[in-house]
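**Student:** The lines below spell out each chain.
There are 2 protein chains.
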Amino acid sequence: MKKILVLGAGRSATALIDYLLQHASEDDYGVIVADAQPDLAHQKVGGHWRGQGVGLDVADVPRRRALIEACDVVVSLLPPTLHVEVARDCLSLNRHLVTASYISEELRALDGEARARGLVFMNELGLDPGLDHMSAIQRIRHIQQRGGRIVAFYSATGGLVAPESDDNPWHYKFSWNPRNVVLAGQGMAQYLEDGRLKLVPYHRLFSQYRLIHVPGLGAWEVYANRDSLKYREIYGLQQAKTLFRGTIRHRGFCDAWHAIVQLGLTEANFTIPNSKEMTYAGLVEALLGQNASEGGLRKAVARLLNLELEGPVMRQLEWLGLFEERPIGIESASPALALEQLLLEKWAMHPHDRDMIIMQHLFEYDFQGQHRRLTATLVAKGDDRTHTAMARLVGWPAGIFARKLLLGAAAPPGVSTPTHPEVYEPLLRELERMGVRFTEEEEICSQ
Amino acid sequence: MKKILVLGAGRSATALIDYLLQHASEDDYGVIVADAQPDLAHQKVGGHWRGQGVGLDVADVPRRRALIEACDVVVSLLPPTLHVEVARDCLSLNRHLVTASYISEELRALDGEARARGLVFMNELGLDPGLDHMSAIQRIRHIQQRGGRIVAFYSATGGLVAPESDDNPWHYKFSWNPRNVVLAGQGMAQYLEDGRLKLVPYHRLFSQYRLIHVPGLGAWEVYANRDSLKYREIYGLQQAKTLFRGTIRHRGFCDAWHAIVQLGLTEANFTIPNSKEMTYAGLVEALLGQNASEGGLRKAVARLLNLELEGPVMRQLEWLGLFEERPIGIESASPALALEQLLLEKWAMHPHDRDMIIMQHLFEYDFQGQHRRLTATLVAKGDDRTHTAMARLVGWPAGIFARKLLLGAAAPPGVSTPTHPEVYEPLLRELERMGVRFTEEEEICSQ
Numbered sequence: 001m002k003k004i005l006v007l008g009a010g011r012s013a014t015a016l017i018d019y020l021l022q023h024a025s026e027d028d029y030g031v032i033v034a035d036a037q038p039d040l041a042h043q044k045v046g047g048h049w050r051g052q053g054v055g056l057d058v059a060d061v062p063r064r065r066a067l068i069e070a071c072d073v074v075v076s077l078l079p080p081t082l083h084v085e086v087a088r089d090c091l092s093l094n095r096h097l098v099t100a101s102y103i104s105e106e107l108r109a110l111d112g113e114a115r116a117r118g119l120v121f122m123n124e125l126g127l128d129p130g131l132d133h134m135s136a137i138q139r140i141r142h143i144q145q146r147g148g149r150i151v152a153f154y155s156a157t158g159g160l161v162a163p164e165s166d167d168n169p170w171h172y173k174f175s176w177n178p179r180n181v182v183l184a185g186q187g188m189a190q191y192l193e194d195g196r197l198k199l200v201p202y203h204r205l206f207s208q209y210r211l212i213h214v215p216g217l218g219a220w221e222v223y224a225n226r227d228s229l230k231y232r233e234i235y236g237l238q239q240a241k242t243l244f245r246g247t248i249r250h251r252g253f254c255d256a257w258h259a260i261v262q263l264g265l266t267e268a269n270f271t272i273p274n275s276k277e278m279t280y281a282g283l284v285e286a287l288l289g290q291n292a293s294e295g296g297l298r299k300a301v302a303r304l305l306n307l308e309l310e311g312p313v314m315r316q317l318e319w320l321g322l323f324e325e326r327p328i329g330i331e332s333a334s335p336a337l338a339l340e341q342l343l344l345e346k347w348a349m350h351p352h353d354r355d356m357i358i359m360q361h362l363f364e365y366d367f368q369g370q371h372r373r374l375t376a377t378l379v380a381k382g383d384d385r386t387h388t389a390m391a392r393l394v395g396w397p398a399g400i401f402a403r404k405l406l407l408g409a410a411a412p413p414g415v416s417t418p419t420h421p422e423v424y425e426p427l428l429r430e431l432e433r434m435g436v437r438f439t440e441e442e443e444i445c446s447q
Numbered sequence: 448m449k450k451i452l453v454l455g456a457g458r459s460a461t462a463l464i465d466y467l468l469q470h471a472s473e474d475d476y477g478v479i480v481a482d483a484q485p486d487l488a489h490q491k492v493g494g495h496w497r498g499q500g501v502g503l504d505v506a507d508v509p510r511r512r513a514l515i516e517a518c519d520v521v522v523s524l525l526p527p528t529l530h531v532e533v534a535r536d537c538l539s540l541n542r543h544l545v546t547a548s549y550i551s552e553e554l555r556a557l558d559g560e561a562r563a564r565g566l567v568f569m570n571e572l573g574l575d576p577g578l579d580h581m582s583a584i585q586r587i588r589h590i591q592q593r594g595g596r597i598v599a600f601y602s603a604t605g606g607l608v609a610p611e612s613d614d615n616p617w618h619y620k621f622s623w624n625p626r627n628v629v630l631a632g633q634g635m636a637q638y639l640e641d642g643r644l645k646l647v648p649y650h651r652l653f654s655q656y657r658l659i660h661v662p663g664l665g666a667w668e669v670y671a672n673r674d675s676l677k678y679r680e681i682y683g684l685q686q687a688k689t690l691f692r693g694t695i696r697h698r699g700f701c702d703a704w705h706a707i708v709q710l711g712l713t714e715a716n717f718t719i720p721n722s723k724e725m726t727y728a729g730l731v732e733a734l735l736g737q738n739a740s741e742g743g744l745r746k747a748v749a750r751l752l753n754l755e756l757e758g759p760v761m762r763q764l765e766w767l768g769l770f771e772e773r774p775i776g777i778e779s780a781s782p783a784l785a786l787e788q789l790l791l792e793k794w795a796m797h798p799h800d801r802d803m804i805i806m807q808h809l810f811e812y813d814f815q816g817q818h819r820r821l822t823a824t825l826v827a828k829g830d831d832r833t834h835t836a837m838a839r840l841v842g843w844p845a846g847i848f849a850r851k852l853l854l855g856a857a858a859p860p861g862v863s864t865p866t867h868p869e870v871y872e873p874l875l876r877e878l879e880r881m882g883v884r885f886t887e888e889e890e891i892c893s894q
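Going down the list, the sequences are from chains S and P. Read in order, the letters of the first sequence are residues 1 to 447 in the working numbering. Read in order, the letters of the second sequence are residues 448 to 894 in the working numbering.
Simulated from the structure, these hints should not be mistaken for laboratory data. Remember, predicted model here, so these are calculated numbers, not experimental data. Glycine residues also receive a C-beta, built at the ideal position from the N, C-alpha and C atoms. Watch out, some of these pointers could steer you wrong.
As the list claims (entries may be wrong) - Derived DEER-like restraints, expressed as beta-carbon distance ranges: (1) S/E425 with P/N721: 44 to 54 Å; (2) P/I891 with S/K299: 48 to 58 Å; (3) P/R555 with S/N168: 34 to 44 Å; (4) S/L217 with P/N721: 31 to 41 Å.
To be verified - Per the computed footprint, the stretches of chain P lying under chain S, defined by three or more beta-carbons under 8 Å from a beta-carbon of chain S, are: (5) 460-468; (6) 786-793; (7) 805-815; (8) 863-877.
To be verified - Cross-link-like lysine-lysine pairs, in silico, DSS-like; alpha carbons within 30 Å at most: (9) S/K230 with P/K688; (10) S/K381 with S/K346; (11) S/K241 with P/K677; (12) P/K746 with S/K276; (13) S/K241 with P/K746; (14) S/K299 with P/K688; (15) P/K746 with P/K793; (16) S/K276 with S/K230.
Using the sequences and the hints given, assemble the complete structure.
**Tutor:** Given below as structure tokens:
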């Protein structure tokens, strides 16, 4: 019996393992799930007779190699820095490898050897990176093959809370890594618009959001991702004059997060003196600097940030507890860590909350003398806090590809990403079968 | 004949070497100046018969050790990371060491051994750190010894251009390291005011300046230094409710620099695509992001930053050449590097320009039931671009101390800074003799 090895049984593994086990009998394969915590591995397999949960200390090389050798395809959901170790084992043991991560320099260096051995080392098989690229490239190729010339490409993705579970003034809950949300956008964002380079420094990023329209869900805010330009060649969009990738948030989020950034609460490289005893109100007061806090903290904040005292942003800040005399309670915390700790509580999903992924691509292209606009939108919702749309869309692409590879599907050998139609077309078809569907709208614009 | 070895003949060495040579005959000692460029070493000695300029590759250990062994006191003006190598030589060869730098962890680790051998390894003998600490501590001790209780301490220093050489709308010219000026303040500034911690994130630092009054020179702007709290114990100011250290700039500087920061021009960790061909106007336009540049670049900048189109800040930005179609001309430049390149030209001192140092300490203290305020102000001007006040105030303290040490003055053994009266009192007296004098004003305030 053929076998798939899944390394790592954490949050992103659930949907992937479930998918693999669902098809194990019909396709006659087994699934071994290995994790540092054997209990977690057992739990994720859930007693399925085609599955097996085992404990694995990844640093235990002989055991790791024995597990890899016992299987035909390896899916690594380990921290990205560990992929290359696994990849070296796969090379010497002649096994295929699947990851959902970006390709590191070290991993890329193994490309020649993997190619020579006919091994497939496929990466970026998640949501972002993953589904975003596959669904965009598919449409770009399609437009170009019909003879269209793409002049603008806008793409945005957001991990959000579904409207039916949206019960807070930020309209946001964590469905993924909280730290990434707190530190999002630090540095400089760059994109291309009408042939011109645009740069956005972090302290202005959240004040320069755009609006997109999502069918059935109204207007949403989008702030620019760090680097939209690096996808130019991968997408085959060297001719496009506009290239913009961004992150989707609910209306009202960006203005309030801009206030958080202006206050200095996302600063991660500074240690607050006496942070264990300092309160959130104390921290905010300290961040007001010499801006006198006469008239109370709220008034001083509103004055500094030029906000309406009773307006929505002040309400959002207040709702977080930023003006409360409650100790931060963490030793040597940075403002970002103190903030994260508050958000972990405030933006936590309740057990029956549903998350929601929105992904939207907008292509403007010239076709037979017309200027056309194609919008492709995906809205996916989870069932509850455990069965999230996020976990599914991150886990399914790697699961689908690993299964197809095991069953003998063609794929380019070497270290690569799913940019070839023979890889992404069957994968997107399977996702569609599972309910992951983009709705498309096309309009012909004035010339 | 006793000898002093000066390692490094760069910009900060001139005034120091001149001082040492001036007193070499009366005190009967010699001065050896060693630099990687022998010509520079010769030039700085200037043919003085008590001096000798020699070439030295610091990595050439035997030659370095031979030079150190041939002298009695070593002054290291090498890059701070090299001090510890020299210090190890001094330990094994039984020589005293003098630097103008902060104490590194590696250097501090040699304290016990230096103490055991009775060797003096004295550091922070420059302007800042150096004269700022010595002149502050001297007055703090004096107030405390009379029974005064210091409640507030404000201290500010600025390397500026003298009014008679001030001919640009920024009222600033470089008298020291330009890169430090461009990157000044990045991170978070912290100080204490009225017993409360104050934190200032970088993107608000230059909008929160204070004003000080300098006798005879009017009002000047002061922005907060990175960490005013670390001097609390060194200064013996554990009781003070206000501790603020800052940097002095001319009126009008901070508002304009705030605009530079808001634009994103001080970002050092981002590489501008195609920076060699991109123009300054192009860079500024890119930094406007989606803020349309209709109506021209200047109008768009004024609109984004909320500036008067014909106001002083716009004039300052324009004077720098930020709106000119002139290529940056540097490969892979960051915005900060592109800016530095402009400033190097615009803020260059002309040969006969005079620089100016302002240093001001303000002590508020309770004394015999009165609330008093003591202001001590130093204004020092240079002669021209070579003989700057900056080079003198950075170089003289180390020179004076090295000479006194050679002549047998008492100093605490081990790795230390000039916080002991027996070190700073004679040093400050000598500086005063050389014209470096603080003027003091004391007032009794309402109670």
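**Student:** So, for every hint listed, does it hold in this structure?
**Tutor:** Hint by hint, here is what the structure shows:
1. S/E425 with P/N721: 44 to 54 Å: Check failed, 36 Å falls outside 44 to 54 Å.
2. P/I891 with S/K299: 48 to 58 Å: Roughly 35 Å apart at Cβ, these two residues miss the hinted range, so it is violated.
3. P/R555 with S/N168: 34 to 44 Å: 50 Å, violated
4. S/L217 with P/N721: 31 to 41 Å: Given a distance of about 39 Å, which is inside 31 to 41 Å, the answer is holds.
5. 460-468: violated (count 0)
6. 786-793: violated (count 0)
7. 805-815: violated (count 0)
8. 863-877: Result for this restraint: violated, n = 0.
9. S/K230 with P/K688: 51 Å, violated
10. S/K381 with S/K346: 21 Å, holds
11. S/K241 with P/K677: Violated, because 51 Å separates the two Cα atoms, which is more than 30 Å.
12. P/K746 with S/K276: 47 Å, violated
13. S/K241 with P/K746: Measuring from Cα to Cα gives roughly 25 Å; hence the hint holds.
14. S/K299 with P/K688: With Cα atoms ~24 Å apart, S/K299 and P/K688 stay inside 30 Å; holds.
15. P/K746 with P/K793: The hint holds at about 23 Å.
16. S/K276 with S/K230: 42 Å, violated
In terms of the numbered hints stated before, the structure departs from hints 1, 2, 3, 5, 6, 7, 8, 9, 11, 12, 16, listed from lowest to highest.
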